[in-house]
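Undergrad: Quick mapping for you: the protein sequence lines, in order, are chains F and Z. Under UniProt numbering, the first sequence has 29 at position 29, and the numbering climbs by one with no breaks. Under UniProt numbering, the second sequence has 250 at position 250, and the numbering climbs by one with no breaks.
The hints are simulated quantities; they were obtained by calculation from the structure and are not laboratory data. Please note that the accuracy of each hint is not assured.
[Claimed, not checked] Here are the simulated distance ranges between beta carbons:
(1) Z:Ile186 x F:Arg177: 46 to 54 Å
(2) Z:Ala250 x F:Gly108: 30 to 38 Å
(3) Z:Glu104 x F:Val109: 50 to 58 Å
(4) F:Gln143 x Z:Asp6: 20 to 28 Å
(5) Z:Asp6 x F:His12: 50 to 58 Å
[To be verified] Here are a few chain F residues that sit away from chain Z, every Cβ distance over 12 Å (derived from the structure):
(6) Asp21
(7) Arg106
(8) Ala118
(9) Ala153
(10) Arg218
All figures in this text were calculated on a predicted structure; none of them were measured in a lab. Built from N, CA and C at the ideal position, the CB exists for glycine as well.
For reference, the chains in residue letters:
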Amino acid sequence: MSVLELANISKHFGAIQAVNDVSLSIEAGQVVGLMGDNGAGKSTLVKMIAGNFRPSHGTMQMDGKELILHKPVEARQHGIEIVHQDLALCNNLTAAANVYLGRELRRGVGPFRILDYAAMYKRAGQIFAVLKSETRPRDLVKQMSGGQRQAVAIARTMLSQAKIVLMDEPTAAISVRQVAEVLNLIRHLRDQGIAVVLISHRMPDVFDVADRVIVMRRGRKVADKTIASSSPEEVTGLITGAIEQV
Amino acid sequence: MAVTLDQTIAQKQHTLLTRVFASQTFWVVIAVILACLFLSVATDSFATTKNLYNITRNVTFVAIVALGMTFVIITGGIDLSVGSVLCLCSMVLAVTMHAGYGIEIGIAAAIATALIIGAFNGILIAYLGFPPFVVTLGMLSIARSLAMVASNNTVVFQFGPDHDKLLALGGGAFVFGIANPVLYTIVLALITGFVLRWTKFGRHIFAIGGNEHAATLTGVPVRQIKVAVYMISALAAGIAGIIQTGWLGAVTTNLGNGMELQVIAATVIGGANLAGGMGTAFGAVVGAALIEVIRNSLGLLGINAFWQGVFIGGAILLAVLFDRIRNFRRNE
Numbered sequence: 001m002s003v004l005e006l007a008n009i010s011k012h013f014g015a016i017q018a019v020n021d022v023s024l025s026i027e028a029g030q031v032v033g034l035m036g037d038n039g040a041g042k043s044t045l046v047k048m049i050a051g052n053f054r055p056s057h058g059t060m061q062m063d064g065k066e067l068i069l070h071k072p073v074e075a076r077q078h079g080i081e082i083v084h085q086d087l088a089l090c091n092n093l094t095a096a097a098n099v100y101l102g103r104e105l106r107r108g109v110g111p112f113r114i115l116d117y118a119a120m121y122k123r124a125g126q127i128f129a130v131l132k133s134e135t136r137p138r139d140l141v142k143q144m145s146g147g148q149r150q151a152v153a154i155a156r157t158m159l160s161q162a163k164i165v166l167m168d169e170p171t172a173a174i175s176v177r178q179v180a181e182v183l184n185l186i187r188h189l190r191d192q193g194i195a196v197v198l199i200s201h202r203m204p205d206v207f208d209v210a211d212r213v214i215v216m217r218r219g220r221k222v223a224d225k226t227i228a229s230s231s232p233e234e235v236t237g238l239i240t241g242a243i244e245q246v
Numbered sequence: 001m002a003v004t005l006d007q008t009i010a011q012k013q014h015t016l017l018t019r020v021f022a023s024q025t026f027w028v029v030i031a032v033i034l035a036c037l038f039l040s041v042a043t044d045s046f047a048t049t050k051n052l053y054n055i056t057r058n059v060t061f062v063a064i065v066a067l068g069m070t071f072v073i074i075t076g077g078i079d080l081s082v083g084s085v086l087c088l089c090s091m092v093l094a095v096t097m098h099a100g101y102g103i104e105i106g107i108a109a110a111i112a113t114a115l116i117i118g119a120f121n122g123i124l125i126a127y128l129g130f131p132p133f134v135v136t137l138g139m140l141s142i143a144r145s146l147a148m149v150a151s152n153n154t155v156v157f158q159f160g161p162d163h164d165k166l167l168a169l170g171g172g173a174f175v176f177g178i179a180n181p182v183l184y185t186i187v188l189a190l191i192t193g194f195v196l197r198w199t200k201f202g203r204h205i206f207a208i209g210g211n212e213h214a215a216t217l218t219g220v221p222v223r224q225i226k227v228a229v230y231m232i233s234a235l236a237a238g239i240a241g242i243i244q245t246g247w248l249g250a251v252t253t254n255l256g257n258g259m260e261l262q263v264i265a266a267t268v269i270g271g272a273n274l275a276g277g278m279g280t281a282f283g284a285v286v287g288a289a290l291i292e293v294i295r296n297s298l299g300l301l302g303i304n305a306f307w308q309g310v311f312i313g314g315a316i317l318l319a320v321l322f323d324r325i326r327n328f329r330r331n332e
């Protein structure tokens with residue numbers, strides 16, 4: 001059964017048609033690569049799922065129920081988590097503080113509640129262990145490598161019972177060794193039964209980790225097929241428009 | 001042996017000792033202690049009860065305002081209006097009490113004035129996107145002008161029926177002969193330290209200073225918190241104004257003139273970073289102490305008072321220099 005189902009979604013900004021009649025469904029425990037050139041409509045599509053934009057037309061369904069989002073917080077409440085391209089990390093805070101940013105754990109009674117450092121360190125440490133990351137909860141993010149920073153941003157999505165994680169270009173600006181690390185993190189998420197939407201420009205990454213690939217061009221979905229039945233050459237053709245549609 | 005999860009969680013980058021040595025505040029404390037030791041030996045007048053009483057009390061006004069400023073600076077903002085707000089709140093208190101109202105009403109009026117000004121600053125900055133520097137620079141001018149309007153630019157030195165209570169509040173020593181302002185400073189510093197370290201609000205202040213965009217994306221109520229920090233800063237200035245009024249026994253419209261620079265200097269010397277994301281309550285107090293010790297020592301050593309600015313400015317640069325040296329080492 002699909003976790004998220006989009007039916008005939010369109011979005012226009014004035015006269016500009018950013019997303020045009022896109023339908024797709026995303027299954028639990030599946031990694032979907034979302035590919036397309038700049039301006040193809042990937043970001044707009046993802047922002048609608050994340051609650052930043054409301055679709056002009058069409059409906060979204062989550063677990064069979066209609067999903068209407070007014071702001072990003074509501075998406076989070078529905079179990080949709082986003083890993084932003086810039087990761088949205090505070091360098092001056094520890095890994096655990098970043099993981100819990102905006103939803104800090106507290107203990108105490110009534111209005112007299114203080115931060116529960118011990119519990120946050122513990123839970124963050126457990127999440128890093130699940131992700132098989134070497135990141136330590138008390139380390140400052142400032143001193144971390146690109147891969148570790150990704151782990152912190154991804155750990156955030158695992159605090160609550162996330163169903164879908166949207167990742168915006170997670171491998172765009174990091175070293176080769178760290179790319180492998182991040183792809184492993186994605187596999188660990190998938191193993192938890194979480195659906196991952198991977199927005200990427202990097203063909204090898206998508207073909208390495210994704211189960212399915214969706215290609216967009218000029219606001220339309222031009223391909224939606226399993227990785228096994230496609231090839232990098234075909235996807236390149238679809239992105240550039242050399243191949244019209246499959 | 002495999003590393004257990006608990007060990008990983010317990011793993012710290014620094015031990016307590018290395019963290020203390022790496023902190024700017026620690027070195028400022030050392031500087032203050034060394035200066036005090038030197039002055040005790042070099043002069044007869046430093047280590048006297050009266051002089052120490054004076055120093056501790058003088059530190060407090062800058063220290064209290066610096067505590068409020070610490071909140072603002074950690075978010076990456078700045079509040080230039082504190083000196084003028086201090087003056088305006090003193091004047092509101094003085095004029096209210098002079099008109100025959102009790103001390104409670106006077107203090108309530110002064111605090112309300114501070115909070116309104118802080119909220120005004122904060123709303124312009126957080127909701128309308130004004131640069132903090134500009135808003136508070138404008139308020140620096142506005143608040144002092146309002147103080148002049150309120151008092152018709154006269155000196156107020158009679159505080160109505162509760163005159164003596166006010167003077168006792170600021171000038172007395174209720175506990176063990178420690179000057180009252182010192183007690184207030186200690187209490188306020190403890191509260192500030194607690195809020196910064198142990199509350200969600202404090203955590204969010206550091207997050208905003210570290211990466212405001214990230215704080216917004218993760219659902220931190222950035223705007224409300226920014227309004228709150230400017231209100232806290234103005235409130236601290238107001239409290240300092242009330243205490244200073246009681247201590248001086250008179251209010252003039254040039255009270256707190258140029259104080260904003262001393263306050264910012266104190267916070268920076270104490271380890272706060274003007275770029276945001278760093279700062280402590282203890283640092284603010286220690287920074288204020290260093291400035292006061294420098295000021296006091298120049299007088300006792302018979303050095304011309306005109307040199308004061310050079311020494312205080314030198315202390316600011318020196319404190320930041322230590323920080324730079326540490327960063328260079330880390331980058332290598």
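Undergrad: A separate judgement is required for each hint: does it hold in the structure or not?
TA: Evaluated hints:
no., hint, verdict
1, Z:Ile186 x F:Arg177: 46 to 54 Å, "holds (52 Å)"
2, Z:Ala250 x F:Gly108: 30 to 38 Å, "violated (45 Å)"
3, Z:Glu104 x F:Val109: 50 to 58 Å, "violated (31 Å)"
4, F:Gln143 x Z:Asp6: 20 to 28 Å, "holds (22 Å)"
5, Z:Asp6 x F:His12: 50 to 58 Å, "holds (54 Å)"
6, Asp21, "holds (30 Å)"
7, Arg106, "violated (6 Å)"
8, Ala118, "violated (9 Å)"
9, Ala153, "violated (10 Å)"
10, Arg218, "holds (29 Å)"
Going down the numbered hints, you'll see the structure goes against 2, 3, 7, 8 and 9, while the others check out.
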